[in-house]
Amino acid sequence: MLSDLLYSLPAILIALTVHEYAHARVAYAFGDPTAKLQGRLSLNPLDHIDPIGLLMLIIARFGWAKPVPINPFNFHDRRQGILWVSLAGPLTNFIAGFFSMFLFSVLTPAVPYQLQAAFTRFFINLIIINVYLAVFNLIPLPPLDGSKILASLLPHRYRFSFQQ
1 MLSDLLYSLP AILIALTVHE YAHARVAYAF GDPTAKLQGR LSLNPLDHID PIGLLMLIIA
61 RFGWAKPVPI NPFNFHDRRQ GILWVSLAGP LTNFIAGFFS MFLFSVLTPA VPYQLQAAFT
121 RFFINLIIIN VYLAVFNLIP LPPLDGSKIL ASLLPHRYRF SFQQ
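Residue numbers (our numbering): 1 to 164.
Check each hint, because a few of them may be wrong.
Have a look at the derived ranges for each label pair, beta carbon to beta carbon [as the list claims (entries may be wrong)]:
| hint | residue 1 | residue 2 | range |
| --- | --- | --- | --- |
| 1 | Q116 | H156 | 52 to 60 Å |
| 2 | L103 | Y132 | 15 to 23 Å |
| 3 | P155 | P109 | 51 to 59 Å |
To be clear, the hints were calculated from the coordinates, so they are not data collected in a lab.
We put the CB at the ideal spot given by N, CA and C, even for glycine.
Could you build the full structure based on these sequences and the hints that come with them?
Below is the structure:
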């Protein structure tokens with residue numbers, strides 16, 4: 001259990017951090033400075049980790065990060081802003097997962113034999129956690145990103161009833 005945590009915790013921190021950073025970065029690009037003003041436009045894991053969510057992740061294998069605060073009224077185009085901010089987290093996790101696969105395949109030949117098991121376990125965790133986080137967040141149930149993506153794609157007359 002402890003050895004699993006040694007390999008999965010850094011991967012979890014990386015995956016949650018890039019996910020939340022992506023939300024903050026895209027919100028800022030669409031005109032919302034809220035996350036930046038609160039110090040959340042950052043790749044520092046301490047800015048994004050919810051202590052209870054992290055503890056639950058370690059104990060129950062299900063947890064969360066602090067959601068990045070956004071104010072859709074600041075977006076240049078509210079509907080597009082919500083759509084792209086919501087897509088940013090899962091899309092970034094997919095990209096991070098595929099980039100991790102690429103790094104793993106390129107770096108593996110250079111890793112000394114004694115470190116290959118640890119290297120492999122870390123990268124397998126990093127790939128799986130990023131892809132899992134992306135897929136999970138695309139589920140269209142509030143408060144997950146998928147619900148916001150779907151709501152922003154629905155015609156206006158259906159959006160309110162979906163969000164209830």
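Open item on the list: Quick check on a hinted range of 15 to 23 Å for L103 and Y132, using CB atoms only.
Closed with: holds, 18 Å
Task: 52 to 60 Å as the expected CB spacing between H156 and Q116, which holds or is violated - done: holds, 55 Å
- [ ] Could you check the hint for me, namely that P155 and P109 are 51 to 59 Å apart, CB to CB?
- [x] holds, 53 Å
Comparing the model with each numbered hint stated earlier shows that all of them hold.
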